[in-house]
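Chemist: Protein chains in written order, with the working numbering: chain A, 6 to 226; chain B, 6 to 226.
These are calculated hints, taken from the structure and not from any lab test. For each residue, glycine too, the CB sits at the ideal point set by N, CA and C. You may find that some hints are simply not true.
Claimed, not checked - Restraint-style ranges between C-beta atoms, simulated for each label pair:
hint, chain 1, residue 1, chain 2, residue 2, range
1, B, Gly138, A, Asp223, 16 to 24 Å
2, A, Gln86, B, Ser210, 47 to 55 Å
3, A, Asn194, B, Gly144, 29 to 37 Å
4, A, His91, B, Asp214, 40 to 48 Å
5, B, Lys177, A, Asp73, 30 to 38 Å
6, A, Ser210, B, Arg221, 54 to 62 Å
7, B, Gly144, A, Asp214, 30 to 38 Å
8, A, Lys177, B, Asp139, 16 to 24 Å
9, B, Asp102, A, Gly218, 33 to 41 Å
10, A, Arg221, B, Arg213, 50 to 58 Å
Unchecked claim - Listed next, the stretches of chain A that the computed footprint assigns to chain B, with coverage defined by at least 3 CB atoms under 8 Å from CB atoms of chain B:
hint, stretch
11, 96-106
12, 130-136
13, 146-156
14, 182-190
2 protein chains.
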Amino acid sequence: MADSTDMQCQPAGIRNCGPPEAGRSAEGAGFEPARELTPPTRFPGVRTRPDYAIPPRGHSVEAVNDLDFSTAMGRALAEAQSALEHGDVPVGAVLLDASGTTVAADHNRREEHDDPTAHAEMLVISRRARDLGDWRLTGHTLVVTLEPCPMCAGAAVWARLDRIVYGAPDPKAGGVWSLYNIPQDRRLNHRCEVVAGVREEECSSLLRDFFEGRRRGDADR
Amino acid sequence: MADSTDMQCQPAGIRNCGPPEAGRSAEGAGFEPARELTPPTRFPGVRTRPDYAIPPRGHSVEAVNDLDFSTAMGRALAEAQSALEHGDVPVGAVLLDASGTTVAADHNRREEHDDPTAHAEMLVISRRARDLGDWRLTGHTLVVTLEPCPMCAGAAVWARLDRIVYGAPDPKAGGVWSLYNIPQDRRLNHRCEVVAGVREEECSSLLRDFFEGRRRGDADR
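Please put together the full structure from these sequences, using the hints given.
Modeler: Here you go:
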């Protein structure tokens with residue numbers, strides 16, 4: 006396991022599934038260049054990019070690579086499709102246990118349940134924890150079609166998930182890379198490894214089609 | 006309503022209930038001095054302190070002052086006491102509607118429900134939205150004994166709450182001032198006014214006693 010001093014310089018040990026474009030400016034996106042930190046290495050995790058993700062305690066890089074996130078993302082995409090049936094933004098999530106088995110799957114139900122907290126990620130985390138009778142979901146991996154928001158990223162940390170795998174970035178509200186990096190904030194009491202960009206194009210196009218369709222629908226009215 | 010250009014310099018128009026100590030260094034707490042921002046005024050809300058809180062749209066400063074947060078905090082404190090009965094960290098929350106009437110009250114049930122998302126704030130927001138049949142809780146005020154974490158702060162923004170009122174700061178995991186200022190991040194699509202430090206000493210001592218008792222209990226074993 007990498008210690009905090011070499012985390013920033015460590016090569017991307019895990020599979021790089023196409024993180025958000027590296028050329029994008031860090032300034033103005035909620036990140037500050039490391040030279041401005043005081044002291045410079047106090048919270049390195051806050052600025053850690055997904056492509057420098059931290060292997061969770063007790064898991065080797067090889068074990069991470071053995072998990073097939075693409076198949077799990079396919080299941081999450083199918084869940085996202087189901088959200089369309091009740092007019093919800095198409096976001097789907099699955100939760101894998103330490104062996105990679107899917108133990109929970111759900112999709113965004115905000116409109117269906119009239120509940121602002123009913124994001125796909127919240128529903129799978131909550132259901133699995135209640136099923137297990139333990140709020141500590143150590144060893145679990147969250148696979149979700151859209152980058153989790155601050156609420157869901159916070160829930161992943163509180164649930165002590167090992168890993169968050171997402172498809173499309175969310176430049177407007179992402180809490181894992183785009184606006185904040187909550188799961189790798191070393192000031193919190195747990196960190197999750199992050200893998201970004203798994204089947205990104207499929208995840209993005211599902212959302213793009215939904216919002217374009219809604220705009221067309223609004224124009225017709 | 007103040008516009009974005011004068012928000013930073015505006016005097017603390019709302020009642021100052023004793024925000025976190027002003028002398029505390031901004032650096033190393035997730036905030037950066039404004040001079041380092043690029044461009045300097047792009048996201049002023051991210052660095053807004055609770056004592057510079059933004060009056061929500063359609064609500065005058067006077068209307069805010071007319072609400073009696075101290076009474077509501079008393080109710081939240083009583084809820085926090087109830088959490089002790091099932092061994093949960095004593096945090097309580099109430100939700101007030103636009104007229105100041107309590108419409109939901111609950112406390113932390115993480116241990117009781119074996120659910121990492123069952124924080125007091127999540128429970129009241131979720132219940133009220135489902136009761137109303139609308140996830141938009143515009144006009145509502147969340148009153149909570151402890152500064153909300155990033156998960157709960159995110160939920161408050163998604164629920165479009167007008168205001169968050171809290172008692173004790175949470176320097177280890179606060180998402181409203183201590184580590185992040187999510188409810189006043191102007192990159193998100195909604196902002197909440199924030200009032201900090203209402204009955205702070207009572208809220209803090211309840212938590213302090215709980216953790217001291219737990220440490221003593223551990224030592225006895």
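Chemist: Taking each numbered hint in turn, which are not upheld by the structure, reported in ascending numerical order?
Modeler: The structure breaks only hint 11.
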